[in-house]
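**Q** Which chain is which? The protein sequence lines are A and B, in order. Take the first sequence: its letters are residues 28 to 226, numbered as in the working numbering. Take the second sequence: its letters are residues 1422 to 1521, numbered as in the working numbering.
Be aware that one or more of the hints could be misleading.
[As the list claims (entries may be wrong)] To give a feel for the contact side, a few chain A residues facing chain B, derived at Cβ under 10 Å:
1. N144
2. W145
3. K146
4. L160
5. A164
6. G175
7. L178
Note that these hints are calculated values from the structure, not bench results. A virtual CB, placed ideally from N, CA and C, is assigned to each residue, including glycine.
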Amino acid sequence: MLDRKAKLIVSAFVLAMLAGAVGLVGYTARWSAILFFFPACVMIVVGGWQWRAARAEGDLSAWAKWGGFLAISYAAICAGFQLMLVMTVLKVTALPASSLIRVLIAFFGAQLLVLGNWKAKLPPLKAWRPASLSLGAAGEAAMLRFEGWLLVAYGLIVIGSAFLVPMSLIAPLFVSMSLASLIVVLIRRRQLSKTPTPS
Amino acid sequence: MNRVFKALADPTRRRILQLLREQPMTAGELAARVTVSKPTLSAHFAVLREADLVSSDKTGTTITYRLKLSVLEEAILEFSQAVGIGTVKPAKSTARGKHA
């Protein structure tokens, strides 16, 4: 669950991004969905987290800090991408846009690195899951450590690819990695659910 | 970070963390699997708690310890274990024992 400060900061970022998008629509006199992509990403990710945390039980103080960092850093990075979009359309970038985008991607990787490292240390979140995927306390703790390692590995690959992979391949790479990570997480959860662990 | 390195430098504390990796355990269960006296074990728990590597829940008179390792801390634990930081080599300790 996000605290008031995090909600205000994220709201400010989203409003600034929406203002930029609306401003561009007015400037170019043409509507484009891509202008609203980044604010939508923030609203989906942060809203999804808030929805999930609101339905969790127990002491959520550690998760609230983690969620706050996730929300603020993600909103800041998306605001950076939105700013790049605005600057590119207005043709006011002093540096090549691709270099700045690579730096933002590296920041995104660093964010994943921090979130993954931190996530492994958190207590299991007592939130609803489908019965086939729910684990005992020990299983949930093992799953959190696994997800932490996966996020750190993902973050390292994102940072590396920000500087080494051609721009045209970055988006397909991230989509493939995200899908692969999701499948790996589900497989690991199924494995742990079949392993008898004390709750 | 100093506290983490100090905590992970000791083989007994590393053994405790390895055991907690399997599942959360009570102080009694850990005492049965680690060959040190109870006061020494309590001191180890205190160091681990101070370094924020374990958390404990007290239910009645039973204290249950849970692992609380970040990815970086787990990597340092693995590295310390692989290198054997803090472990005394048997050959050298025997030689020292003879001279002493």
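**Q** Determine for every hint whether it applies to the structure shown.
**A** The hints, checked one at a time:
| no. | hint | verdict |
| --- | --- | --- |
| 1 | N144 | 4 Å, holds |
| 2 | W145 | 6 Å, holds |
| 3 | K146 | 8 Å, holds |
| 4 | L160 | 19 Å, violated |
| 5 | A164 | 7 Å, holds |
| 6 | G175 | 5 Å, holds |
| 7 | L178 | 8 Å, holds |
The structure fails hint 4 only (numbered hints given earlier).
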